[in-house]
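Residue strings, one per chain:
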Amino acid sequence: MQFDNLADFLQMSGHGVYVWSAYIIVTITIVYLVWSPLARKRRIITEQQRRLRREEYEAQQKAGSSTSI
Amino acid sequence: MWSFLKKLYHKLGSPRWFYDISGKWLPWLALVCAGLLITGVVWGLAFAPADFKQGNSYRIIYIHVPASFIALAGYYIMAVAGAVTLIWRMKMADVVMRSCAPIGAAMTFLALVTGAIWGKPTWGTWWVWDARITSMLVLFFLYLGVIALSEAFTNRDAGSKASAVLALVGTVNIPIIYKSVDWWYSLHQPATLKITEESTMHPDMLYPLLIMISGFYLLYAVLLILNVRTEILSREHRTKWVKALVLARP
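Taken in sequence, the protein lines are chains Y and C. All residue numbers for the first sequence refer to our numbering, where the first residue is 1 and numbers rise by one. All residue numbers for the second sequence refer to our numbering, where the first residue is 70 and numbers rise by one.
The shape of chain Y in the complex, shown without the other chains (with noise of 0.2 Å):
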């Protein structure tokens, strides 16, 4: 360990600012970069999810329909 304690950690004898600025960027940047496509596969799901039980659906009312005539 280079430093004696957490204040002499967080401040790096003064550059604590510029390091610690860059490293939460850094993982902001990493968490956004890796929700990013997950979010977008989650609703590329959940939007084919409903057409496809929607076509399923009308599918069945055109059959019911059909059968009553």
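If you are wondering where the hints come from, they were derived from the structure by calculation, not from laboratory data. Just so you know, even glycine gets a beta-carbon here, dropped at the ideal spot from N, CA and C. The reader is advised that the hints may include incorrect statements.
[What the hints assert, rightly or not] Subject to a maximum C-alpha distance of 27 Å in a straight line, what follows is the list of computed DSS-like cross-link-like pairs (lysine-lysine):
1. Lys41(Y) x Lys93(C)
2. Lys160(C) x Lys93(C)
3. Lys41(Y) x Lys309(C)
[As the list claims (entries may be wrong)] Here are the simulated distance ranges between beta carbons:
4. Thr108(C) x Tyr57(Y): 51 to 59 Å
5. Leu6(Y) x Leu77(C): 46 to 54 Å
6. Gly64(Y) x Trp86(C): 35 to 43 Å
[Claimed, not checked] Here are some chain C residues pointing at chain Y (derived, C-beta under 10 Å):
7. Ala115
8. Gln123
9. Asn125
10. Ser126
11. Arg128
12. Ser168
13. Val182
14. Trp187
15. Pro190
16. Thr191
17. Asn296
18. Thr299
19. Glu300
20. Leu302
21. His306
22. Val311
We have chain Y already, so just place chain C on it with the hints.
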């Protein structure tokens, strides 16, 4: 040998095959990647010795250098995928090219921002119009250009072709970035890591850097796979296998 390569090419060209196999690999890749990144960050921030000239500000190197590396490596992958798209009209190559662009743009952005933050305490300025930094900024705009062009056409094929051409033309910039610190007088320090000679870095500082670089390469692989899988689902949503997969989800 030839038939093996042919088989591999056809497999790689199959979105379904890629989706299945990458789904199995992804959790392990992500696990190793997270392990490397956490080890590297803790080592680099808390245990590596301070630099005798730059003090603690040099600790930014552990994210700045890996981000820059994969900003460049990602460009190669994007350009090669672009070339394959243009020459063989391979569907998956287009998917890969489009998935590369936002990751590359983000990594170039990180390289520029962490570089600026590192520049302030070290050079006394956030920004200089120096060869290395300017050519990295050009790389950032190339990535943005590829994203914009690929989205600019209502016809997807036209967008793919235009962005692939831009990606290929932009490769001119890559050797300029590499060589910029040698060709021009620059504030940017010359490369610390060298492949042919011994590195100028002390092992206590070097090992965490190497761990971070491998971690970022794996991160790139994970992000690329995530983006490619999503793009595959979006494009193949009318196929039987995607329909089955979608309906199997809760």
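Status of each hint after checking the structure:
For the hint linking Lys41(Y) to Lys93(C), the alpha-carbon distance of about 17 Å falls within 27 Å, and the restraint holds. Pair hint Lys160(C) plus Lys93(C) holds up; C-alpha atoms about 22 Å apart against a cutoff of 27 Å. Of the pairs offered as hints, the one joining Lys41(Y) and Lys309(C) holds, with about 18 Å between alpha carbons and a cut-off of 27 Å not exceeded. For the pair Thr108(C) and Tyr57(Y), the supplied restraint of 51 to 59 Å holds, since their beta-carbon distance comes to about 52 Å.
Under the hint 46 to 54 Å, the C-beta atoms of Leu6(Y) and Leu77(C), about 52 Å apart, fit the expected range. About 40 Å separates the C-beta atoms of Gly64(Y) and Trp86(C), a value consistent with the hinted range of 35 to 43 Å. For Ala115(C), the interface hint holds, since its Cβ comes within 10 Å of a Cβ in chain Y; the closest pair sits about 6 Å apart. Interface restraint check for Gln123(C): the shortest CB-CB distance to chain Y comes to about 8 Å, inside 10 Å, so the restraint holds.
Taking 10 Å as the C-beta contact cut-off toward chain Y, the hint placing Asn125(C) at the interface holds, the least distance being around 4 Å. The beta carbon of Ser126(C) comes within 4 Å of a beta carbon in chain Y, closer than 10 Å, and the hint placing it at the interface holds. Satisfaction of the interface hint for Arg128(C) is found here, the shortest Cβ-Cβ separation to chain Y being roughly 5 Å, below the 10 Å cut-off. Taken as an interface hint, Ser168(C) checks out: its beta carbon lies about 8 Å from the nearest beta carbon of chain Y, inside 10 Å.
For the restraint placing Val182(C) at the interface with chain Y, the shortest Cβ-Cβ distance is roughly 6 Å, inside the 10 Å limit, so the hint holds. Evaluation of the Trp187(C) hint against chain Y yields a held restraint, the C-beta minimum of about 7 Å falling below 10 Å. A distance limit of 10 Å between C-beta atoms decides the matter here; for Pro190(C) the minimum to chain Y is near 5 Å, and the interface restraint holds. Interface restraint check for Thr191(C): the shortest CB-CB distance to chain Y comes to about 9 Å, inside 10 Å, so the restraint holds.
With a cut of 10 Å, the hint placing Asn296(C) at the interface with chain Y holds, because the nearest CB-to-CB distance is about 5 Å. For Thr299(C), the interface hint holds, since its Cβ comes within 10 Å of a Cβ in chain Y; the closest pair sits about 4 Å apart. Proximity of Glu300(C) to chain Y holds as hinted, the smallest CB-CB distance being about 8 Å (cut-off 10 Å). Among the interface hints, the one on Leu302(C) holds; its C-beta lies about 5 Å from the nearest C-beta in chain Y, closer than the 10 Å criterion.
The criterion of a C-beta within 10 Å of any C-beta in chain Y is met by His306(C), whose closest approach is roughly 5 Å, and the hint holds. With a least beta-carbon distance of about 7 Å to chain Y, the hint placing Val311(C) at the interface is held under the 10 Å criterion.
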